[in-house]
Amino acid sequence: MRCGVILPGASMAPLHLRHRAGASGSGAGALGWTPVKNPGLRAAGLKTRAAVEEGGKVGASFYDLLGISEGGSLEEIKRAYKKMARKYHPDVSPPDLAGEYTRRFIELQEAYETLSDPGRRAMYDRDLARGLQFALSSRRRFDQELEEKAAWRNRWQDQLETLKMRSMQRDSMENLSWGARMRRQRDE
Amino acid sequence: MAASVSLMAAHAGARRFFGSPSSSFDARKKFRVRADKDGKAMIRKEKNEWKVDYSGEKPATPLLDTINYPIHMKNLSVQELEQLAAELRADVVYTVSNTGGHLSASLGVVELTVALHHVFNTPEDRIIWDVGHQAYSHKILTGRRSRMNTIRQTSGLAGFPKRDESVYDAFGVGHSSTSISAGLGMAVARDLLGKKNHVVSVIGDGAMTAGQAYEAMNNSGYLDSNLIVVLNDNKQVSLPTATLDGPATPVGALSGALTKLQASTKFRKLREAAKSITKQIGGPTHEVAAKVDEYARGMISASGSTLFEELGLYYIGPVDGHNVEDLVTIFQKVKAMPAPGPVLIHIVTEKGKGYPPAEAAADKMHGVVKFDPKTGKQFKSKPSALAYTQYFAEALIQEAEVDDKIVAIHAAMGGGTGLNYFQKRFPQRCFDVGIAEQHAVTFAAGLATEGLKPFCAIYSSFLQRGYDQVVHDVDLQKIPVRFALDRAGLVGADGPTHCGAFDITYMACLPNMVVMAPADEAELMHMVATAAAIDDRPSCFRFPRGCGIGVPLPLNNKGIPLEIGKGRILMGGNRVALLGYGSMVQTCVKAADSLRNYGITPTVADARFCKPLDAELIRTLANEHEILITVEEGSIGGFGSHVSQFLSLNGLLDGHLKLRSMVLPDRYIDHGSPKDQIEEAGLSSRHIAATVLSLLARPKEALHLL
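Going down the list, the sequences are from chains A and B. The working numbering puts the first sequence at residues 51 to 238. The working numbering puts the second sequence at residues -10 to 695.
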């Protein structure tokens, strides 16, 4: 599945510094750029983080960011991302708008990474429908995977417990299925 | 010294491949399996994971060497099981690199195999592997390790589980989606006989797309017999798991459902809430928690789990399919329950896991020839001509360029049928329906009724699944669906499960079907064009596995439609006529060449059509020759039978003619090299020449040839 690459600075850094430092294989690797630690960034990042913690909408969804419809194909996403990235890349942005453009660029990067991976896109679409726009997008892939695995373990442990409980009562006389009848017969 | 240098180089290479492990795991001591003079082992545990150096030498597998049968695994601890899994991986890669075969499927289920054999008591407990190409580690663990170097070769191990081969192979498989049905049969029989063993069916997400899997699950839910179904989900629904441009996205709605199942965050949040409530209130709130669980499970939009639940199977998962401890825990718990009924355990694995070249390849190295274990590079010899499959794909693309009504359908075999090329050129006109041949045929029929020209490319043996649809939905209604039957005749290493012996028989007996077979790749292209032109009735053509013979191709690879029901004569002669059908025509030509040394000049004819037969050609051959031999690579009831029926009805057998039909023998030919199989079947050019000689009353020379 994924290569489990850990990024430098794996501690619980504030949100704006958690963006992937250009380490992804596909997606943003196209431009091979790492985010610059820009003072303007911090302010913008804080605003984003606050919005996330409130759980409310900050405005645009990933689709709005890229300027495509929600049912856009991979080709459309790629094209839109490339177009936008060329416009908002910090190297080509006007100096007074550098901060804002950089923040935009980072958001674009996230949008592209999420939407170009079909699995993540599916999850994002679902969360979008439930109004949790930035919930999954700002988590790092690796963290996500770890959490997922832990969640899976919890889930199947519960499922096993429930099955055990059910299986105690399964062959009571009310169960008329073929299997239950045969088991009762066998255990007599 | 060279050995240690290569080991070090491989070690460095492996280090680069694997990168640095994550920093959030605790550092653990290195566990040395074997220390050679450099102090580095090939299979070793670093921090939290097992690493394997694929260096091309036979890997040192101290633990695996002690396991001959599953019973030797019973006393292993979880750590030892993990080590065993790493050693098994190394062994599988080493074996397949020397023999060729199916690689990544086996790598994905190594942990599952180890867990199953550790927990269950085979052979009393039955394990059924769907399709079976992932069962290499199963074979290694069940007493066949020493023979693994013969796998898929003549007189060697079969590439799929086979009941005749070992008592640990509970059911013979090769076509997909049969494991749950077979498992249910074994479970019900066990109940009727009063036994207490367990039955486990392992099925993949690709095989789940076939209807038979649902039929089986539906029935098992109803019968409620104890049965464990392991759904091995590696998100590879189509084979060989890649289009020309990269990995294939999963086909069908089911994979979407499975993805959602794997990532349902809402359930987790609810569960956390329930847990915290229980902690705070304490006491009899476990009932409340259980109720929340039940409620939550039904409420989630993860329709996949409710699908299995609705069918009557208890759903457990998703589970990390590469974590031996988790798997062993779950299997032990389920095994201990007295009456779990049918249970479905959804495990998530990665195809080719643990072997970086396979993980990185677009097609995950599903089926490979011999390769170099260090790099994963396959040793593919450059043939002089391309495979028939490629010529077919080329010809179809050329037809579709001029006629935009042509569409192509296949059943999860884009690579095998060559339709990946068609898909690349005409993405909107190529349909992959998943492993669903029945649906593919009727779907094609539906397309054709609206005026489109569908080409159904399905392997000869896989079309057996959709035969009623061919008869009832296509032929009975005379709907112009074109069938391209690849892998017709004997298929070599895959063996009798994939052998296309019966398609001439089952297609030519249908009243409205046009049945043809090309003798070489140019003829194949013409027949594609012919099929495209036949618009008032269904048609089919068959071609074998293997490469063309190198004849000149038509201009621009665009075929010219042949006249229907007209064969051709390749060589004129006297007294003896060899009438070949399909690729056997080439064998007849060879036989004729060798017969010239005996002073015999046979006529060699290519029938081209089995239905409608070239009546004029056959009449000529019958009237002007003393001996007529028909040759085909198909079972009885095919071309030879149609010719003999024609001859007898037209009174041509009442005279001087000696007729012999050479067909595949009335038994299943085991896997092996194509040459060995043809020899075994008695259809080589020597056999044809010997038949001629014995008919000419020259038995001594015939015996010399054989």
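By construction, these hints were calculated from the structure, which means they are not laboratory data. All residues carry an ideal CB built from backbone N, CA and C; glycine is no exception. Keep in mind that the hints are not guaranteed to be accurate.
Listed next, the in silico DMTMM-like pairs over lysine to aspartate or glutamate satisfying Cα-Cα at most 20 Å (straight line) [as the list claims (entries may be wrong)]:
1. K322/B <-> D114/A
2. K199/A <-> E46/B
3. K324/B <-> D208/A
4. K184/B <-> E126/A
5. K214/A <-> D54/B
6. K185/B <-> E125/A
7. K413/B <-> E125/A
8. K322/B <-> E339/B
Across the chosen pairs, the derived CB separations fall in these ranges [what the hints assert, rightly or not]:
9. Q194/A <-> Q321/B: 57 to 65 Å
10. Y203/B <-> L226/A: 17 to 25 Å
11. Q321/B <-> K132/A: 18 to 26 Å
12. C498/B <-> E197/A: 58 to 66 Å
13. N87/B <-> Q219/A: 49 to 57 Å
14. Y657/B <-> L226/A: 39 to 47 Å
15. K137/A <-> E46/B: 34 to 42 Å
16. D524/B <-> E195/A: 25 to 33 Å
17. K132/A <-> N87/B: 39 to 47 Å
18. L226/A <-> K369/B: 27 to 35 Å
19. S144/B <-> L226/A: 46 to 54 Å
20. E197/A <-> Y58/B: 18 to 26 Å
21. S144/B <-> K132/A: 51 to 59 Å
22. E197/A <-> N186/B: 33 to 41 Å
Worksheet item: Between K322/B and E339/B, is the straight-line Cα distance small enough, at 20 Å or below?
Response: 24 Å, violated
Worksheet item: Under the criterion that the straight-line Cα-Cα distance not exceed 20 Å, is the pair K214/A, D54/B satisfied?
Response: The hint is violated at about 37 Å.
Worksheet item: Are the Cα atoms of K322/B and D114/A separated by 20 Å or less?
Response: 49 Å, violated
Discussion item. Looking only at beta-carbon atoms, does the pair K132/A, N87/B fall within the given range of 39 to 47 Å?
Written reply: Holds - the Cβ-Cβ distance for K132/A and N87/B, about 46 Å, lies within 39 to 47 Å.
Worksheet item: Does 39 to 47 Å hold as the CB distance between Y657/B and L226/A, or does it fail?
Response: Hint holds: Cβ distance 43 Å, inside 39 to 47 Å.
Worksheet item: When you take the CB atoms of C498/B and E197/A, is the distance between them in 58 to 66 Å?
Response: Given a distance of about 60 Å, which is inside 58 to 66 Å, the answer is holds.
Worksheet entry | Range hint 49 to 57 Å (beta carbons of N87/B and Q219/A) holds or violated | 54 Å, holds
Discussion item. For the hint 25 to 33 Å, verify it against the beta carbon of D524/B and that of E195/A.
Written reply: For E195/A against D524/B, whose Cβ atoms are near 54 Å apart, the range 25 to 33 Å is violated.
Practice prompt. May I ask you to test the hint 46 to 54 Å on the CB atoms belonging to S144/B and L226/A?
Written response: 52 Å, holds
Item to complete: Below or equal to 20 Å on CA atoms is what counts here, so check K413/B against E125/A.
Response: The given pair, whose Cα atoms are some 15 Å apart, holds under the 20 Å limit.
Worksheet item: Should the hint that Q321/B and K132/A are 18 to 26 Å apart at their CB atoms be regarded as holding?
Response: 52 Å, violated
Discussion item. Within 57 to 65 Å: is that where the Cβ-Cβ distance between Q194/A and Q321/B falls?
Written reply: 30 Å, violated
Hints 1, 2, 4, 5, 6, 8, 9, 11, 15, 16, 18 and 20, counting from the list given before, are not met by this structure.
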